[in-house]
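Q: Each chain, letter by letter, is given below.
2 protein chains.
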Amino acid sequence: MNTENLVARRRKSLGPTYSHFYENPLYLVRGEGVWLYDNDGTKYLDCYNNVPSVGHCHPHVVEQISKQIATLNTHTRYLHHTVVEYAEMLADTLPGDLSVCMFVCTGTEANDLAYRIARAVTGNEGAICTMGAYHGNSTLVSELSPEFERIRPRPDFIVDVDPPDMYRGQFGADDPDYVQKYADLVDDAIDELSEQGHKPAMMIIDSIYDAAGIHTPPPEYQQKVHEKVRAAGGLILCDEVQSGLTRMGDNFWGFMDSGVVPDIVTMGKPIGDGHPLAVAVTTPAIAEAFAKETDYFNTFGGNPVSATAGKAVLEIVTRENLLANVKASGDHMLAGFGKLAEKYPLIGDIRGKGLFLTVELVRDRSSREPARTEAAQVQEAMRENGVLLSLNGQGRNCLKIRPPLVFDTSHADIALAALDDALGRVS
Amino acid sequence: MNTENLVARRRKSLGPTYSHFYENPLYLVRGEGVWLYDNDGTKYLDCYNNVPSVGHCHPHVVEQISKQIATLNTHTRYLHHTVVEYAEMLADTLPGDLSVCMFVCTGTEANDLAYRIARAVTGNEGAICTMGAYHGNSTLVSELSPEFERIRPRPDFIVDVDPPDMYRGQFGADDPDYVQKYADLVDDAIDELSEQGHKPAMMIIDSIYDAAGIHTPPPEYQQKVHEKVRAAGGLILCDEVQSGLTRMGDNFWGFMDSGVVPDIVTMGKPIGDGHPLAVAVTTPAIAEAFAKETDYFNTFGGNPVSATAGKAVLEIVTRENLLANVKASGDHMLAGFGKLAEKYPLIGDIRGKGLFLTVELVRDRSSREPARTEAAQVQEAMRENGVLLSLNGQGRNCLKIRPPLVFDTSHADIALAALDDALGRVS
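Residue numbers (our numbering), protein chains in the order written: chain A, 1 to 427; chain B, 1 to 427.
Just so you know, the hints here were simulated from the structure itself, not pulled from any lab data. Careful, some of the hints might be misleading.
Simulated restraints, written as ranges between beta carbons of each label pair [stated by the list, open to error]:
no. : chain 1 : residue 1 : chain 2 : residue 2 : range
1   : A       : S19       : B       : D420      : 35 to 43 Å
2   : B       : F297      : A       : K199      : 27 to 35 Å
3   : B       : R363      : A       : R9        : 54 to 62 Å
4   : B       : R154      : A       : A91       : 32 to 40 Å
5   : B       : R319      : A       : P153      : 20 to 28 Å
6   : B       : P155      : A       : Q170      : 31 to 39 Å
7   : B       : A335      : A       : A285      : 22 to 30 Å
8   : A       : A8        : B       : R154      : 40 to 48 Å
9   : B       : P153      : A       : K43       : 54 to 62 Å
Each computed DSS-like pair below joins lysine-lysine, with the alpha-carbon atoms no more than 25 Å apart [as the list claims (entries may be wrong)]:
no. : chain 1 : residue 1 : chain 2 : residue 2
10  : A       : K67       : B       : K292
11  : A       : K339      : A       : K327
12  : B       : K292      : A       : K12
13  : A       : K67       : B       : K181
14  : B       : K199      : B       : K292
15  : A       : K199      : A       : K292
16  : A       : K292      : A       : K327
17  : B       : K224      : B       : K181
18  : B       : K199      : B       : K181
19  : B       : K199      : B       : K224
20  : A       : K181      : A       : K199
21  : A       : K199      : A       : K224
22  : B       : K12       : A       : K292
23  : B       : K67       : A       : K43
24  : B       : K339      : B       : K327
The beta-carbon is built from N, C-alpha and C at its ideal position, and this holds for glycine as well.
Using the sequences and the hints given, assemble the complete structure.
A: Structure follows, in structure tokens:
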């Protein structure tokens, strides 16, 4: 099938809500490690995809899933050892009492379940989220995801706060109290809920603010926010779909960088290296309280194949020492971006941690005018140079760099050379 | 790991919401076709599981998934031919304009998305569901699933109607107007919504009423209901997670038995033979209207591996002529149940279609007192006889028989002989 024909057939059979990356979309046919190949055999370095966490088609994941699908795939109404072993392995990566795993298929399902748990346990309805965040696509979770809001008014039990954006936000890094001020927005949110007759059941927190342009506030931010929400009777839900599984380079899960322990942690996308697998992890006390309100069963959640996929991923993360790899290649990328910033005034800011990084492009470093067109040109030039990345930030002027966790310093050198060339062509 | 040890570790790591079948749970380690094997090597005929639709570990599914996970697993922001081919194959099985496929991972996600679509397209909020139905577990869909309601009051935009239960319901099969009377309950539901300030966005309909004890009303029921809901401005959502994919023996999808065409069809569980795959199919006009309200992206939905799994299942359904197989073995089972009913007065009623059948056990055929204890004893005796089935119905006195679609008449004979023995021991 040629690309043009495929685009037309796809528009007809999948409909208008399906969009694709790039004007001239990529038709990918093969993946291996950090490399992707299109239908013409062109090879691309993948600096974007976090779902194939341990690399595209990792042989250990492929072997383990292939064995298990040929052996048994049922559900958790029967016993199976792998789901228990996997849950125990996950619990071992987590601090505090976070040891009860409820398996689902997507980050959406995990966050939706977390809200049901929070509502049942606290007796409250309210939820606090962050402007620009994206947590999934169910009826409830899309309402918790202001990024995609277009027409519908939000229900009155959901309120949002600004993300801690120290580059473009209402409080800048030059304000000595900016952490406190961003945290204090949560007080306003709690007041707003209260005016609408609600108390918070939970606040959903990202350990890295992606859609707003990749911000990682200092530890005090989460510490203060956790305290405020708990004082108001709510639980803390950390959505680690993006920031977890060593992605940030210092700890296994992003919230651990802040030295806090949430009440519920949700994990999705990368934990199955592409297999639909997600989980909400909570404490025994919260799990017991939730069980008093309702049964919960997820047909596919925690089936032997999904559990095998998750277990294989954790085995690789340990065996290949990916936390150290992420730290090393992330630091290498940041150093490289720093050098490019000396050469190209188009670079306004460099942010992120581990392998979740951004280079924000501006027309002028003082006015910080977003270089939206230039960012799109850099994205296209990078594709021509054989490197895939994406854009984010409110002005779509931030290069989003979030490769598989097996991306090493040699891959970083390739990406940096390609970026040097792309910025040279655009500047 | 022995079973006792596994149960204890599972309770700790998965928590109290995870229940299991049987007092003494089954620890399954292998599956093939309609057969399951436990950790002691005991073999069971699977008369319960619908998820492994084309049989446990079907070699074609195993081969196709294994190849694809070793080749590429990305998402729909890139082009791939398999998801388009699969969508076109699905559309070919459906009547009318039902040709736009939106892929998700679970039946929950499909039904939740269907509600979002219905709400966007109609501008209404209300939803009508059926008492005792189960459609999934998200915040919204669990509210549409009265089966699991325990503590929480339902939101005022959701109302329910009684299922068309002609054996125990408010209108019996002896009432010549029972179909009309069950359909007219929808008028009451629309009035109830109206009193609460809502109009219907949709009604969610099962083509077989499982939880209430497996009821299949005559075609006029769905015909009348579709008309009423549409006249009130709502869409019709047929949940084919259970009744679809030839399960009912006469048509590819259950609603086709009623000669109707819904606005949205949701499919889940069996379409991936155990792989987490589900879809909401709608018309081009509805898809366009939804796209005006929002973007929709599902990271795992329609990825090359999931699409491959779905395509492999459809290929098997055609190649192995499963529709005819379901019809033949279903009829064979019904005939066998009829003979057993002559022998055992414990059998009060026999219902269902294709390979979705029930034998309802009663203490007395006139009073229809549910034989709950006896049903549980039969379930245990069947396990001892090497056959797995489940119970449903409000009195948990209905034997639920819903094997993989490859269950043939020779398997039916094994199941019937085992049931003859079990009923003999219990009667």
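Q: Next step is simple, just say for each hint if it's right about the structure.
A: A quick look at each hint next to the structure:
Against the hinted window of 35 to 43 Å, the Cβ-Cβ separation of S19(A) and D420(B) comes to about 58 Å, which falls outside the hint. The given range of 27 to 35 Å is respected by F297(B) and K199(A), whose C-beta atoms sit roughly 32 Å from each other. At roughly 59 Å, the beta-carbon separation of R363(B) and R9(A) lies within the given 54 to 62 Å, and the hint holds. Distance hint check for R154(B) and A91(A): the Cβ-Cβ separation is about 35 Å, which falls inside the suggested range of 32 to 40 Å.
For the pair R319(B) and P153(A), the beta carbons lie near 50 Å from each other, so the given range of 20 to 28 Å is not met. Distance hint check: the CB atoms of P155(B) and Q170(A) are about 35 Å apart, consistent with the given range 31 to 39 Å. With their beta carbons about 54 Å apart, A335(B) and A285(A) fall outside the hinted range of 22 to 30 Å. Between A8(A) and R154(B) the CB atoms are about 44 Å apart, so this pair conforms to the stated range of 40 to 48 Å.
Between P153(B) and K43(A) the C-beta distance comes to about 57 Å, which sits within the given range of 54 to 62 Å. A distance of roughly 44 Å separates the Cα atoms of K67(A) and K292(B); the hinted pair therefore is violated under the 25 Å criterion. In summary, the hint linking K339(A) to K327(A) is supported, as the alpha carbons are separated by about 18 Å, within the 25 Å threshold. This hinted pair checks out: K292(B) and K12(A) have alpha carbons roughly 16 Å apart, not beyond 25 Å.
Between K67(A) and K181(B) the CA atoms are separated by roughly 53 Å; this puts the pair beyond 25 Å, and the hint is violated. For the proposed pair K199(B) and K292(B), the alpha carbon gap of about 21 Å is at most 25 Å, so the pair holds. With a CA separation close to 21 Å, the supplied pair K199(A) and K292(A) stays within the 25 Å bound. Simply put, K292(A) and K327(A) have alpha-carbon atoms about 43 Å apart, too far for the 25 Å limit, and the pair is violated.
About 10 Å separates the Cα atoms of K224(B) and K181(B), which keeps this hinted pair within 25 Å; it holds. At roughly 22 Å between alpha-carbon atoms, K199(B) and K181(B) fall within 25 Å of each other, so this suggested pair holds. At most 25 Å may separate the alpha-carbon atoms for a hinted pair to count; K199(B) and K224(B) meet this at roughly 18 Å. With a CA separation close to 22 Å, the supplied pair K181(A) and K199(A) stays within the 25 Å bound.
Between K199(A) and K224(A) the alpha-carbon distance is near 18 Å, which keeps this suggested pair within the 25 Å criterion. As the CA atoms of K12(B) and K292(A) are separated by approximately 16 Å, the hinted pair is consistent with the 25 Å bound. Proposed proximity of K67(B) and K43(A) is supported: the alpha carbons are some 20 Å apart, at most 25 Å. Straight-line distance between C-alpha atoms of K339(B) and K327(B) comes to about 19 Å, which keeps the hinted pair within the 25 Å bound.
This entry does not satisfy hints 1, 5, 7, 10, 13 and 16, going by the numbered hints stated previously.
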